[in-house]
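In terms of numbering that gives the first Met the number 0, the sequence shown opens at residue 0 and continues consecutively.
Treat the hints loosely; a few may be bogus.
What the hints assert, rightly or not - Simulated restraints, written as ranges between beta carbons of each label pair:
# : residue 1 : residue 2 : range
1 : V1        : N63       : 50 to 56 Å
2 : E82       : V42       : 22 to 28 Å
3 : K70       : S22       : 23 to 29 Å
4 : M0        : D117      : 35 to 41 Å
5 : V119      : G49       : 21 to 27 Å
6 : K68       : S28       : 19 to 25 Å
7 : K76       : R24       : 43 to 49 Å
To be clear, the hints were calculated from the coordinates, so they are not data collected in a lab. From a predicted model like this one, the values you see are computed outputs, not experimental measurements. Where is the CB? At the ideal position from N, CA and C, for every residue including glycine.
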Amino acid sequence: MVITQKDLKGKTPSGGRLRQSRSKRKYESGNLPVLTAISKLVVRTFRTIGGHRKLRVVSSEFVNVLDNKNKKFVKAKIIRVVENPANRNFVRSNTMTKGALVETDKGNVKITNRPGQDGVLNGVLV
């Protein structure tokens, strides 16, 4: 079964059953989420609509941290995930998403980008 982003509702507003009016389309297809882990850097590319490419960080052990004093990015080694508002189970599995709080050798860092969409891990010191 293909993952789709088509709006498939099973009932009418009055509660009646809806019959499928047409089949799925290629442009409605979706993808599984990327659960970025702490490990050696692995980046995969995938094709999007129009032949464009996106990068996915499958795993990474470093994060680019914005140093507010010097206004420069510094590379920091990730130790563990401290908090993740997307899902509390991501803390146990050390899964990083946007908004996750990770412990690094420079201090606690909040991830500010989407690793499953951008191909890098960026963050700011908290």
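Unmet hints by their number, sorted upward, for this structure: 1, 3, 4 and 6
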